[in-house]
Amino acid sequence: MTRTIDKENTKIAAAKKMRDIMTTYYLDALSASENNRQVAWITSGGPVEPLVAMDIIPVYPENHGAMIGSAKMGEDLCSKAEEMGYSTDLCAYARADIGCSVAKGGPIGGLPKPDMLICCNNICGTVLKWYEVQARYYGVPLFILDTPVCHTGFFPETAAYVKAQITEYIGFLETATRRKMDMDRMNQVGHLSLEGQKLWQQVLRTTAHKPSPMSAFDAFFFLALIVTLRGTTTAVDFYRELIAEMNDRIAKGISVVPDEQYRLLWDNLPVWHRLKWLSKKFSNHRACLVADTYTSAWCGAIQYIDPDNFLDSIAQAYTRIYLNIGIDQMADQVLDMIQFYDVNGLVMHSNRSCKPYSFGQMDIMRIVQKKAGIPVLMLEADMVDPRSFSESQMETRIDAFMEIILQRGATGRGGQ
Amino acid sequence: MKELAPMKELMPFYQAVDNPAALGRSITHKKVIGTLCSYAPEELIYAAGFHPMRLFASKKEIHLAHNHLQTYCCSVVRGVLEDSLSGHLDFLHGAVFPHTCDSMQRLSDIWRLKGRYPFFADVILPAKMNTPSANAYMAAVLTRFKTDLEADAGITITQQALADAVHLYNRIRSTLSSIYAHKSKYPASLTNRDIHALVKGSMLMDRQQAADLLDKVVRRLASADPAADHARTWGTKRLILSGSVCDMPALYDLFQDTGAAVVGDDLCTGSRWFEGLTDEDDEPIAAITRRYARRMVCPAKHQGLHTRAAHLVEKAQSLKADGVVFVLLKFCDPHAFDYPYIKAFLDDAGIRSLVLELDDSQDSLGQLATRIETFIHMI
Ligand code: SF4
Ligand code: SF4
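Chains Y and P are the protein sequences, given in the same order. Using the numbering used here, the letters of the first sequence map in sequence onto residues 1 to 416. Using the numbering used here, the letters of the second sequence map in sequence onto residues 1001 to 1379.
The shape of chain Y in the complex, shown without the other chains (with noise of 0.2 Å):
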């Protein structure tokens, strides 16, 4: 059942109004001592509503990371901090950041100075550490909300600790701002981010259709709203758009994947320095990644948000994300992300920069072997740092890889 669909028709629309939307957002950041906003430097798993609230600007390094290595300047900025004394194996979003503070490089001439910075370390240890750094580069205050690791529940003294900082983290910036908090529009924020969240997650699920509309690597592009714009108009009506346009693709038959045959999911955070390249390679072998536990991270503690009682739901909410949970946690939502998206195999990224996602992903693979029955391939790679890519050797795996997939046939999938 092949259509030939226009080149051309293939293309997301949407993606052009949200380049427009992050450049008007990083235009605002870079200018914002100009008309005296206050940039608040915070961790992709970190609570921005209350910045959002206090009209602080957000700025996210690990979204800075993300396009550092889609503009291949990786391994320049982690050279530039391993002439510092950092060493190589540590994380690149955190590396590139540190040089770049220095050598004020990167695709945007680096980032606007930060006037406070917020490390939730919801995500890993290494933001600790790396907030610390630049809390003393910047000589700025630094707030950590410490969101304890929940690796078999979420204790009642785990939530009296995150409640209590959450109060904290208000006062924190209420000294920085000199400013009171709005309570009614830190409610109005709340209820814009997890309608967001919402939304997001709507755009996600889109690609349960078969053929799929978009692709995991169409998701870390579209990412970047949800975690720099989570609790904002602007988000919610991008999102919106976004459905809208997938619709309309399901309801055209239009696929992000020329004659979809097989669906993929994919772990961990994305090569991003080879992204076209990757997706060309499955694409290829008409195999789509339809969906990934990374980019479904921003809407996975859904459950958890009372949006009438916004600040308090949140300690639990951003306490129980995807990477700050057991790792056989991890894998059953990995095992119920393959039934719902129906998918033909698993492809894991063992990211070197990213310690906390990728130990553990050896026994997740086996539990997903054996309860779902499907193929996994595991990936050597690093999100951002190209030293420690081999594309031939990573050619010949996806090549293999898809050949089992192939032999398995279209019915060989966890969702059956």
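These aren't lab readings, by the way, just hints derived from the structure by calculation. Here the structure is a predicted model, which means the values were calculated and not measured. Treat the hints with care, as some may be off.
[To be verified] Each computed DSSO-like pair below joins lysine-lysine, with the alpha-carbon atoms no more than 27 Å apart:
#1 80(Y) - 1185(P)
#2 252(Y) - 16(Y)
#3 1343(P) - 104(Y)
#4 1343(P) - 113(Y)
Assemble the complex: chain Y is given as a structure, and chain P with the ligands must be docked to it using the hints.
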């Protein structure tokens, strides 16, 4: 210095260090609980009637751990997992995982899913050590751990048992501190390797026995003729080690052979384990919490932006160290992040330093010897 045989009081420590698994198997009057870092609340384990035993990688060849951990994992985490999977640690009743770094966090998951031992506990400590809410949380976590231990042991840990454990640990800590002080004052009175054996041995052997033996070592040192020791210190360079786990006796020997005495450290397998006493006249959980809050942090914990560097500079100055050697394990993120700023602090204070990036399992230190010798001759 090298040709001196260790004093006889040290022999039990050397025996413990030589074969921790044999020691573990020989402890039959108590169930053994493995601990993985200096944040393991050992007083609670001890008070519950268990024997807390620090786990070190036995440095056997890695076969099984490769199925669980990628190549970019530190040798401590990989080595301990290998030991567990290969049955080398089958004498354990269980293990406890305090939350520290990302690698340990995932080792805990992998270990739990393997389910090889009856007892397992996470002690999910706060990452911050310097706020009242973090300290309150820490006390709650310790209380939960106490309950976990009680449930497994089928007993109630009395306040008296806890107080006794605290007292015993304070004895070990203060004797180790005074032994370190003695070594710093009379660097030839003990070899570098003796220091390693004393600390590591104390983490392994029966704690009552360790406390008694350490007392004997202190008495023996006190009775030695300081003048003789002093004469033998002539020309010795004074070093401080900084890092996580330093379980390489050969490295201590290498310093010794080059004429350098290790007069202090900031190691997880050194001062960070024994520095600071627990208040004995306070409620034990509160007192243990307070000790952790006051103790020098490991870099996986936060206690201010300059705490570790300021501490190391102060230590180097007060011990009149000629240099600091960073013994960093490959792939150890928390220490690698702190190294550049701590080095800068040392530079500013005019203290020379050398960084060694090591693999815990590496036997041959050949390539390092030249760098170490050059450094020691230069300082
Ligand atoms: S890539 Fe991993 S280690 Fe780096 S900041 Fe993100 S979660 Fe942390
Ligand atoms: S050596 Fe470093 S990475 Fe390894 S367990 Fe210790 S702190 Fe973690």
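Now the hints, each set against the structure:
no.	hint	verdict
1	80(Y) - 1185(P)	42 Å, violated
2	252(Y) - 16(Y)	21 Å, holds
3	1343(P) - 104(Y)	23 Å, holds
4	1343(P) - 113(Y)	25 Å, holds
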